[in-house]
Every structure is written in structure tokens, then in C-alpha cells.
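> Order-wise, the sequence lines are chains A and B. Quick note on our numbering: the first sequence kicks off at 1289 and runs consecutively. Quick note on our numbering: the second sequence kicks off at 1289 and runs consecutively.
Worth flagging that the hints you see were computed from the coordinates, not collected in a lab. The reader is advised that the hints may include incorrect statements.
Claimed, not checked - Here are the computed lysine-lysine pairs in the DSSO-like style, where the Cα-Cα straight-line distance is at most 30 Å:
{"id": "1", "chain 1": "B", "residue 1": "Lys1411", "chain 2": "A", "residue 2": "Lys1290"}
{"id": "2", "chain 1": "A", "residue 1": "Lys1399", "chain 2": "B", "residue 2": "Lys1315"}
{"id": "3", "chain 1": "B", "residue 1": "Lys1411", "chain 2": "A", "residue 2": "Lys1411"}
{"id": "4", "chain 1": "A", "residue 1": "Lys1315", "chain 2": "B", "residue 2": "Lys1411"}
{"id": "5", "chain 1": "B", "residue 1": "Lys1383", "chain 2": "A", "residue 2": "Lys1290"}
No experiment lies behind these values; they were computed from the predicted model shown.
Number of protein chains: 2
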Amino acid sequence: MKQVKIGLIGFGTVGTGVVHGLQVNRKHIADTTGFDITIKTIADIDIKTDRGLDIGSTALTQDYHDIANDSEIEIVAQLVGGIDTANDIMMYLLKHGKKIVTANKALLAYKGPELFMTARQYKSSIAFEASTAGGIPIISVLRDGLGGNSIHSIYGIVNGTSNYILSQMTEYNYPYEKALNEARKKGYAEEDPSLDVNGDDAAHKLILLTAIGFRSVVSMDDIHIEGITKINQTDINFARELGYTVKSLAVGILRENGLELRIHPTLLPREHPLASVKGVFNAVCVRDNLAGETMFYGKGAGSYPTASAVIADIIETASGSYGPKFANLCYFSDNGSPSVIPFSETISKFYTRITAKDIPGVVARITSIFSDNNISIASMIQKESTGSEAGIEFMTHKCREADFQNAVQEIKKLDFVIDPPAFIRALDVGFESVG
Amino acid sequence: MKQVKIGLIGFGTVGTGVVHGLQVNRKHIADTTGFDITIKTIADIDIKTDRGLDIGSTALTQDYHDIANDSEIEIVAQLVGGIDTANDIMMYLLKHGKKIVTANKALLAYKGPELFMTARQYKSSIAFEASTAGGIPIISVLRDGLGGNSIHSIYGIVNGTSNYILSQMTEYNYPYEKALNEARKKGYAEEDPSLDVNGDDAAHKLILLTAIGFRSVVSMDDIHIEGITKINQTDINFARELGYTVKSLAVGILRENGLELRIHPTLLPREHPLASVKGVFNAVCVRDNLAGETMFYGKGAGSYPTASAVIADIIETASGSYGPKFANLCYFSDNGSPSVIPFSETISKFYTRITAKDIPGVVARITSIFSDNNISIASMIQKESTGSEAGIEFMTHKCREADFQNAVQEIKKLDFVIDPPAFIRALDVGFESVG
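The following block holds chain A by itself, in its conformation from the complex (with noise of 0.2 Å):
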């Protein structure tokens, strides 16, 4: 049996899982491995709360040096959040030949290239499954399961807060803010819940995913963010008479001319399996050229499923399996990959609604300018008016970004339209139903 002793930087809700996992599973993974791990040293500004967990002759420090500078001690779990701090830690730890598994997505989505040009200067290596969607193993499925595969798209639920909050906002008609709160109680929204409701978290997640299946290097301007705060009852409505759930979706997919990536919500057919995520699970789709269609669902946050994740590269990281793979594989090192494309220049389908005048020709009017701007329409539905207002629905082809937006500019200036067109975006990556 060989031991494996570990370090552990930040004892808060993942590293509180982590050791609370390792603990209750070590026979477990010792029978199934090979390997008895256990964490030599915890470091942590708080040593003072108790966690409920009786951490036995493990060492509690406030001096994370004290787990850099331990000879006896190959794998750190850098737990820390945020971006500075963190990356000093994760800095110092590979120049002290420590091999690094982490959850913190931020830090590697700002500083993912730097850290991992020092971690091979240093033949050093740095694991990240626990940074994007938790319990779902989506870094080593992209990586390993389907590794031999040419990527065509990478889309899904990535943010559990934003989900939670748009199913309670379809499954109860619950307005906005109070979905927000309910997260709140629930423990699934932070008391500010920007990060997770504006998009940057999925955007944080997306530019790592685009790291494995891409290999791109791209940073938070590459992507076009927008958050799910815009959001109305009226638009999930809509959208459920024509057959589509609002989600959140990141999606990043290889055309032709480049890479598109973007946060946003996005309409999808009721029967997709995305449509039914519901809470605060996450689930991630995959096209490739090779396995076609894949779909991993799961977890995307919490203690444990987070720490199922690093304890996985603990394990993958003590074995000698992930050093080779971090070698040759060309993370967040740009050889030739694909170049992002101006999110103008990207590809939807649209749903819009406009609220007009109930007066003669303002469909022939609307279609018109649609028609001028390369937009063929789908579908249209007109509803009976109340009043002298009219409520006209549309979904298009797919089209071009900027021709969209050129079109509602246009359609805003016309005297007869009341509202400006809301609009949300459906995706043109179909997935495949066999049967």
C-alpha cells in the first residue's frame, strides 16, 4: 500500500468536503487503488471554527508555507477562492515542485496560461476538475473519454444559481426577484448573486472548457456574457406556447470561420435533453465527429460533489496517470487553435416580440425589414389585439447576429411599434433524436 500524504490550503465549504471525503471513502479508495491517502497538514487563515469534523493527527496551520515547504508532502489541494492571493499560493506551491489540484475557476480563467507555463517549467502539474460543474467529470470526459475526438460544440447549464432560478420562474410562474430569494433560502443563491445571475461565472467555466476542447486560450472579453436578470414571465410564456424552455446556456461552437462563445439564455425545444435540467443541476452536451451527442448531467456545486472532483485528481495526480496527461496535453498553450470570432459575426435563431399599433400593414412592414436584412422568418403568430395594441411573435431561420440587430434598430424606429423587440436567442446546434 503506498501512502499518499496530501496538503490542503483553505478549510472552507470544498475543503471541508474534501476532508470529510477523504476520511469516510479512504478504505474505499485504498482497496480500489492502491493508494492510502491521507492530508498531512491543513492551512487556512480561520483555524479556529469548528468544522464538525474530528481531523485526527492532521496538522492545522496559518502558514500555508509550512505545507509548501513540506519535503514529504508531492500533492496540494489548493482550495482558496478569489484571484490574487490564490494565484501567489498556487505560484509559490509550483516552485516548490508541488503538484496542484484546485476548484478555483476564476483564477485559472484570468491567469490559466501563466500558472500552467510555470507548472511545466517546473515539471509540476495542475488539475482542475473540480472547477467547472462540480460532480459532472466533464474536464476528463473532454480530456480522456472523448480525447481522440474533433469537438464541434460544447454547450450546457453551467450555473446552478441561474438555473434554479429560471425553473421555479417556469415550473411556478414566480417572478424574477422572488425566484432570487427562494435561491436565497435555499442556500443556492449568495446574498450578492451577481457573479452567478450576470453570467461571469458560466463564462469563467466556458473559457476552461474551451481550453480542453478547443484548445484555446481565451479571456472574459472573447465572450459575449449576458445574464438571465432581463428575464420575464412574459418571455417564459411565450416561449412555452411555442414549445421552448428558457435556459442559461455557455455554448461555444467551431464554425467554419472560428470559435463562437457566448453566455446567454436560450430558448430550447422542450424535448431537448437540456430542457429538462431542472434546480441546480448542471449538465454539459458535447458534439463531436466521432461519438456524436453525448450529454453528462449532475451536480454542478456543493461541498461534496465538489470534492468528489478533487479528490478524483488527487487520485488521478498520486497514481502517475495525470502527469504524462498534463505533459502532452496543450493546455492554455495556443498552437494553431481556432481564433475566436466577433460575436456579431455569430449564428442564431431568434425569437422576438414586438408590440405595435393594431393598425393595416405593420407585419407587411416588419417582414420587410426582416427580409432586407437576410432574415427569413420560421414562424409568426399574431394574437387577437386588445385594444389598439398588437402583440406579434416571431421566430426566424437562423441569421447572423449583426443582421438581427441591424433589423431591430430599424423595426425600433418605426412610429407604429410600441415596445422595442425583446428577443432571446435558440440555438442552431440540433441534437440529434434517433427513433
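Start from chain A and add chain B according to the hints.
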């Protein structure tokens, strides 16, 4: 760039997919992994048939020894089906130091322990992602992604032919024979579909999932196997009325007293993620003590999805990542792993339908038989009788298989019972629905 020259034995459907997949993705794989993978030699009895591929400078031979004895070839994709010949080839390859990647599930199900022992003895390895659920990387998910977690249950749809037939019966109300013929026409069922529809193919896969997920070496005799041939439209329609969908599942559950292993038609609540897996798609749900519930979805068969798994294994083997895993993980070697509990001791919920004469006291007698056998009733529907017959449906709470079968025998003997009770099991393993 490291050159990797491999051998391939068995130039059938999967072999052709592997050859074509490696051609199409050669540059992609090289850019991503640093390995230039080419096929040096292909062996097949039939070297005449045109596979529609230009194999360039790859040699074709009828004699697999040409590959086994070629010292330049380190890795062999062994894609010959069946058991005896395939076993001879595998043994010969292992004894000549070749590392093997295989898609042959039946072979591993029957000869796994010997083959794995031999591989260890000769410091070789056998990778077998392609043996289970085609394009879904479920083997590496269980081994690596969820590798530190104690698995509670693995259950899913692992036979696309059965799932296609049941999907057609459910969606279009086709009788079994018509759905089977449809499957034949589309190439989803063999002319003799026995292995698929009688549950044996699913059982082969369950043996492999059990070896990885529960570390237990089991044989076909340890698995209760029921196919889909007895399912009729009445069952499917009744299930629908109760909010259920009928799916053929492979189920492994670790109970306190051991492992439950079974293949049978199963009722799933309509909102369960597996219920919407249609056509030839496969999906496997896993429940463990850290990640909780996860699901993995994709195409379970076919030339390219299976090639995806073969190619992933070739890369893992070539990179040196798979060697330490194979050496450390105790596949197919019992070491205190859980034993299988007899089917009579397994726990299910049961849907049952009884046709009886419409006379007073029928329900009282039947329910007292259930109660005498420790079975409590969760719900009951009795429809208005047509003429002199009454159809009564029960859904039980969970109970022992033996108790339920005993109750069935007693109910059968009642003189007012017209048709013996028909029944379908439902899982007592829930899929947590958050939100």
C-alpha cells in the same frame, strides 16, 4: 512528435470506424496530445471486401501473428467479436507484450479474470472503454472521474435495440413484432436479435460495470436476466396512465447485505432523466456518496461512437497514463469486494395488474394476501368493470422479491382470478430532484 504505430485486428464495422476515425482526426490528435498515431497493419480473415477507405501504406494481412510478432507495434486494437477465437488472439497478444484495446464485451464478461491476470503477469494492459455503452465514456467516468467515490448504484439503458423497440411501442403504440421489424429495417436489430432483446447483451455490460464500479467479479449466473419480449402494449399503456415509462434497465445496487444485479423491464417515473432517453441512445445513472446522482448519455453502439472509445483508449495507452491505472486498480480480481445477493432477496416496488371476476370480496382477499406477505400497497386503481370482469392495478411499496412472488402464487390460485397477475418492477432508487 512521438510516432505511435498500432496494429488492428478485426476489420469489421468497428474496425472500419477506428481506421477512418484515426485518419480524419490524425492531425487533431497530434496537435492535442503530441502523438502521431497511425495503423501499421490490419489483420482480418476477409482482406478482399472494399471498406470504402483508402488505407494508404497500412499493410493488410490474414494472419494476426504478423501483428503480434511485430516488435515495432506496441498497442493493438483487438476488435474480433465472439469468445473462443478472440480469447486465443488476446492471450497470444498479451504473451507477446502487446498492450490491448478492445471492444469485445462478451469476451471480457466470460473471460475477464483470466485475461486480466495474464495482462498483469506480462506487464501489459487491457483497455475496454468501447465494451460498454459505445460513445459514452462510462468506464473512464467510473474509474477516474468518480474514482474516489463509493458507488451506491449504477443503472441505465445499455442496449439500444431494446430501447428502440420499447420507444416505438411507447410512442406509436406499435406491437412488439412491428417495433422489432422497424428496428431491423433501420439496422438497429440483427436478423436474430436474441442477444439484445433477451437481456444477455445488457448483462455482459453489467458484468463490466460491476467490475469497475463495485470491484466485484461476477458471472452471468449472478444476474437475474429478463428481456423485453414479454412486454405488451397493455403494460405500456397502464404504465403511462400511472405516470410511468417502461424501460429495459441494467441495475446494480449495493445493499447492506451485498450486490443486487439484474436486467429487466422497469417502470420509471416520467420525470426521471432516463425516461426521456429514446431510440437507440444509451444512458447510465450513477449514485455515489460524494457526487450524488450523475447521468451519462450518448450513442451506445455504431461504428463511429464505438471507434470514439477505442481511439480514446489508444491515446490513454500510448501516453503512458493507462499503464499505472491498470496496474493499480483491481479490475476482475476479488479482494473483499461485495458478494451478490440472491435475486429472491432483492428489493423492488411492483406494479401489478390482476383481472378477476367482478364479485364482492375480491379486493379484500387480494389485499389480505399482499399484507400476509409483508407487502404494503402504495396505490390501487380499479376501473369500472366491463361486463363480468374487473381489472385491478396495484403499485406496492418496496418489498422482497420472494414475498412478492409468493403473493403472486397465492393470488393465482384464487378461483375468481381470471388472468394470473402481470407485473413490472419499479426501482426503489430515486433520482433526487432538486428545486
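> Sort out which numbered hints this structure fails and list those numbers smallest first.
Structure breaks no hint.
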